[in-house]
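2 protein chains.
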Amino acid sequence: MLSKSSKHNVLNFSGGVGGAKLALGLSRVLPSNQLSVVANTADDFDHFGLHISPDLDTLMYTLGEVNNRELGWGLDSETWNMLENLGQLGGETWFQLGDRDMATHLLRSQYLREGLLLSEATSKLCKRLGVTHEILPMTDHKVRTKVQTKKEMLEFQEYFVRQRCVPVITDIHFDGIEDALPQECFEKRLKDPDLSALIIGPSNPFVSVDPIISIPGIRSLMIDSDAPVIAVSPIIDGDAVKGPAAKMMRELNMSVSCSAIAEYYGDLLNGFVIDERDAQSAERIRNSGLKVLVTPTLMRTIDDRIRLATEILNFSLTIY
Amino acid sequence: MLSKSSKHNVLNFSGGVGGAKLALGLSRVLPSNQLSVVANTADDFDHFGLHISPDLDTLMYTLGEVNNRELGWGLDSETWNMLENLGQLGGETWFQLGDRDMATHLLRSQYLREGLLLSEATSKLCKRLGVTHEILPMTDHKVRTKVQTKKEMLEFQEYFVRQRCVPVITDIHFDGIEDALPQECFEKRLKDPDLSALIIGPSNPFVSVDPIISIPGIRSLMIDSDAPVIAVSPIIDGDAVKGPAAKMMRELNMSVSCSAIAEYYGDLLNGFVIDERDAQSAERIRNSGLKVLVTPTLMRTIDDRIRLATEILNFSLTIY
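Line order of the protein sequences matches chains A and B.
Just so we're on the same page, our numbering is the position in the first sequence counted from 1, plus 83.
Just so we're on the same page, our numbering is the position in the second sequence counted from 1, plus 83.
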């Protein structure tokens, strides 16, 4: 059970699938006015003239409970007739655009053409999806992840989807990050003296969390905040649950372990959450000065998400 | 049977559904190198940032035999999941965007963004649809039909689809027509001394055929051409088969009859095709100097389309 002793004002940083699972758990135990989820938007991209925001979509669909549980991404009851015909007509089909999902991309793109900010477009979509918790793009400015591979520089979705993360990476850039301002509410929540916890979800540190942290000013606001900063390891038992985090760590000459993740975040963190299978690493991480929560972190069911969210919130009360 | 005595070089002007039926008939009796279909593009419009060309689409789908026979427009085996979700998200759903159909709009819009001409984009799409006869937009320039109603000026699709042709029209404009050049091949075919017939399909004269004829230079090229110009009446027995032609005629103070259509086209025509139910009008029209073909013009089946096309082509040989 979540401790009811104090009011929570929680900021949650999230990428796509894994992060969204924890965000859903948090949204089930915190009322709407006590949780804001900040989404990575550096893997947004333009495709067929549409503005596509994969992490925002995953968060909206997950918190709106219209997400596709079989696929792990996209919308429930999805069909693929547009994409099938697009292929027959000779169009590019490497990015999976579902028929229902298309409506989101069309509408968001229209809102942006009409002059709305990405955060305003997100807010309108969330309202229609019945999402009452705040989902904020990290910035309303354009930031785009570029992956430097041994062979060439790739746009993120080109690397991630089209080339299925096969190329070996040597570096990662966030184009436009120097000029990006944090989304207004995001900055306000982060500066709020009543902020009770900042929780970094079990997302990919390099391409999902780093963009958020790399927005000028965010790192120092995180360090200056009185709220404990807690990250959940995306690495369990030497591997990533999903996605290329482990592969990237090997290619960046890191050991693939939860300790390496804690080390990577470094002085940003006050607390770290690792899976019970990594219990043996707890002491080493504690020695670096972090509080550590050891608990089952793999979220298969909605009960897993709620339990983990509750434990992390209770853990946050033990820090400071 | 089509007379095999001479080579045909046929230009066919067409709007949407009715025109496309005759175009299909013509395409079944003329080889690819003997028929070019010129489509009205003044009812093209931008919707959700996509370039939509309703008449080009209807022609491509009809000649590609992937058209939806139940609906009379759009693609076969169509689904509507994008549109359903778009409605749930609060987007505008008055224009019926099918899931499969979306692929055409996405791809054409991408081609145009990449700098292709509308005719080039059409050609690429036709190739993928297996359409071997030439389908040409009347122009590669932007021409947009505006309907002046008693109350306000409406964009064509706003009038035609959103308001279901209910407002009373007082005038029709083709924005941009003064600066439009005929599509290059269209002009070439029309100037070709070997042109054997120009056939205006049973399309709406005011909003489907007039835009084509109103492109600067086209009217005089039609009059100067040695080829007979033949129109098929869209009015049968005092009513339009489909669409607002009859309603428009009443609102423009014309009698709703095939004779009024012949009169409207005036000196552009050499021959006119009317339905057998209008046989009593034949003499009056002949007295105005036109050759007249009286025949069943309602095209319910593919055999109807082929028979009518054949009769019109044979009729064209009797003129001059």
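One should not assume that every hint holds.
When chains are identical, the list treats them as one kind, so a pair holds in a single copy or across two.
[Unchecked claim] Okay, derived cross-link-like pairs now, EDC-like style, lysine to aspartate or glutamate, Cα gap no bigger than 20 Å in a straight line:
1. Lys274 with Asp159
2. Lys271 with Asp307
3. Lys207 with Glu167
Keep in mind that the hints were calculated from the coordinates and are not lab data.
Nothing here was measured: the structure is a model prediction, and the numbers come from that model.
Checklist entry - Between Lys207 and Glu167, at a C-alpha cutoff of 20 Å, which is it: within one copy, between copies, both, or neither? => result Classified as between: cross-chain Cα gap 17 Å, same-chain 30 Å, threshold 20 Å.
Checklist entry - Using 20 Å as the alpha-carbon threshold, which applies to Lys274 and Asp159: within, between, both, or neither? => result Result: close neither inside a copy nor across copies, 37 Å intra and 56 Å inter.
Next on the checklist: Within, between, both or neither: how does the pair Lys271, Asp307 come out at a Cα-Cα threshold of 20 Å?
Outcome noted: Cα proximity of Lys271 and Asp307: one copy only (14 Å, versus 73 Å across).
Consistency with the previously given hints fails for number 1 only.
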